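Let the sequences and hints guide you as you build the complete structure.
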Amino acid sequence: MRNIFIFIRIYFNLLFFLFLMGISLFMLFNYNRYHHTVYSATAGEITGMINRQYNDVEYYFQLKKTNDSLVKANEILYNKLKQDFELPDTVTRLAIDSIRIDTLLQQRKYLYLPAKVVGNSVNLSNNYLQLHRGLQQGLVKDMGVTDINNSVVGTVVDVSTNYSVVMSLLHRQSNISAKLKKTGETGSIIWDGLQPNVMVFKDISKEIKVNKGDTIITSGFSDKFPYGLLIGTVKEIDDDKTSSTYIIRVKTAANFYNLQYVYVINNQQKEEPQQLLKNVKKTNE
Amino acid sequence: MSNLIKNIIRFTLFIFIQVFVLNQVPPLHHLVTPYIYFLFILWLPFKMGRRTVMILALALGFSLDCFTKTYGLHAASCVLIAYLRPFLINLLISQEGAESNYNEPSIKSMGFTPYFTYVAILTLLHHSFLFFLETLETGGYFYFVLKALLSSAISLLLILLTELLFVRKQRFRTNTV
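Residue numbers (the working numbering), protein chains in the order written: chain A, 1 to 285; chain B, 286 to 462.
Please note that the accuracy of each hint is not assured.
[To be verified] Computed list of chain A residues with no C-beta within reach of chain B, every gap over 10 Å:
hint, residue
1, Ser69
2, Tyr78
3, Lys278
[What the hints assert, rightly or not] If you anchor each label on the Cβ, the simulated ranges turn out as follows:
hint, chain 1, residue 1, chain 2, residue 2, range
4, A, Glu75, B, Pro312, 26 to 34 Å
5, B, Leu446, A, Tyr110, 45 to 53 Å
6, A, Tyr34, B, Leu316, 42 to 50 Å
7, A, Thr66, B, Lys454, 43 to 51 Å
8, A, Ser188, B, Gly334, 47 to 55 Å
9, A, Asn279, B, Gly334, 23 to 31 Å
Bear in mind the hints are in silico, worked out from the structure with no lab data behind them.
Note that the structure is a prediction, hence the values are computed from the model and not measured.
Backbone N, C-alpha and C fix where the C-beta goes; we use that ideal spot for every residue, glycine too.
If you want it as structure tokens, here you go:
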């Protein structure tokens with residue numbers, strides 16, 4: 001017994017070091033797996049407040065770019081208005097829709113919620129965004145995030161009272177189901193950590209003809225994003241000799257350098273398919 | 286200015302410079318991620334206890350982790366260099382009794398070559414351990430070695446610039462008092 005105490009006294013510094021290292025490594029591996037811990041909510045609130053102060057200044061330098069992309073988004077929306085289209089048809093007449101507005105609201109699947117970006121990084125090996133909108137403003141985990149022009153940015157991974165953390169596409173663990181718009185082939189979009197704004201599109205068979213500049217959109221298979229949101233365009237096609245699939249490099253449509261506002265997509269019909277899937281898994285076990 | 290206030294100011298300044306300047310500038314290359322925040326640990330007084338240094342290192346690393354959302358990554362690397370710091374100081378100190386004559390490690394108290402060996406070794410260790418933990422997740426060990434070396438080189442350049450721009454006045458304290 002005495003020897004143990006002597007041992008502890010002699011090697012106390014080493015033991016203390018191993019203890020602190022253990023704490024750090026535990027925190028690291030724990031957060032990488034679950035993206036949510038007890039302290040991350042508090043830490044998120046504090047860093048959110050500091051980041052907001054910084055963003056108040058930084059925002060002014062980005063006003064011009066933000067304005068330009070808002071004008072672009074508005075242009076797309078204005079071109080979709082009903083009065084822009086006219087049929088040279090005598091049948092065209094005004095009809096009053098008899099469906100009650102309540103039933104229409106029940107049909108709604110996706111609801112867009114605006115959020116201010118307060119923190120953003122592009123040059124780390126795992127990048128996150130911080131949004132000034134949290135639990136109290138209706139965000140929960142696993143919601144999709146798009147930029148002002150409705151192209152994919154990431155997924156909400158952690159939510160605190162007033163702030164939330166978004167895993168950006170520029171993250172080693174981000175994996176989004178995507179589709180070639182032209183042929184409808186599905187694959188997954190990941191990031192290899194090399195260049196910001198360039199992603200990798202995997203699992204596309206070599207039998208498919210892919211060209212530079214082809215559009216890649218969301219597949220709508222996951223419950224985070226609706227079908228057909230723009231992810232990016234094909235930048236270059238690597239012919240991987242060791243496998244039967246291409247490695248396609250994709251230039252993202254969203255510009256991660258100057259994100260000031262984003263939209264968080266709330267899927268209001270998420271529960272039913274999830275419940276169904278759970279039941280199927282249960283019966284198969 | 287008292288030691289405590291000076292170190293509190295340094296702590297916040299280093300964290301803010303790392304988060305809002307170095308992490309924000311467009312990357313030179315994907316292999317280069319410069320860090321200078323750990324200079325706070327290297328600049329702590331000679332006389333500070335080893336456990337205190339390690340706890341401060343954990344706090345420093347964790348504060349940066351809160352901003353980059355990599356809880357534990359920088360904390361682990363900072364604790365490592367805080368633990369190894371006293372061994373290196375004992376090895377490299379050249380002037381007799383510099384620990385008692387001067388307050389903290391600097392070019393003036395240790396001499397240029399020993400001080401920069403001390404900084405370079407700890408920078409390399411910090412970066413290697415940091416990127417090693419990062420690659421555990423993803424693999425790619427050649428990439429890790431290259432990234433550690435190149436990032437350390439750029440970080441060292443930044444540290445050298447910091448030392449030249451912000452000369453720390455070191456009072457010579459005679460031990461006869």
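(Q) Holds or violated: the 23 to 31 Å window for the beta-carbon distance between Asn279/A and Gly334/B? (A) With a Cβ separation near 59 Å, Asn279/A and Gly334/B fall outside 23 to 31 Å, so the hint is violated.
Q: Given the hint of 43 to 51 Å, check if Thr66/A and Lys454/B actually sit that far apart at their C-beta atoms.
A: holds (45 Å)
Q. Is it true that the C-beta distance of Glu75/A to Pro312/B lies inside 26 to 34 Å, as the hint says?
A. holds (32 Å)
Q. Once the closest CB in chain B is found, is it more than 10 Å from Tyr78/A?
A. holds (34 Å)
Q. Just checking, Ser69/A versus chain B, shortest CB gap more than 10 Å?
A. holds (19 Å)
Q: Mind checking the hinted window 42 to 50 Å against the Cβ distance between Tyr34/A and Leu316/B?
A: 30 Å Cβ-Cβ, so the 42 to 50 Å window is violated.
Q | Distance restraint hint 45 to 53 Å, applied to the beta-carbon atoms of Leu446/B and Tyr110/A | A | With a Cβ separation near 50 Å, Leu446/B and Tyr110/A satisfy 45 to 53 Å, so the hint holds.
Q | Minimum Cβ-Cβ distance from Lys278/A to chain B exceeds 10 Å | A | Given that every Cβ of chain B is farther than 10 Å from that of Lys278/A, nearest at about 29 Å, it holds.
Q. Is it true that the C-beta distance of Ser188/A to Gly334/B lies inside 47 to 55 Å, as the hint says?
A. At 51 Å between Cβs, range holds.
Comparing the model with each earlier hint shows violations of hints 6 and 9; every other hint is respected.
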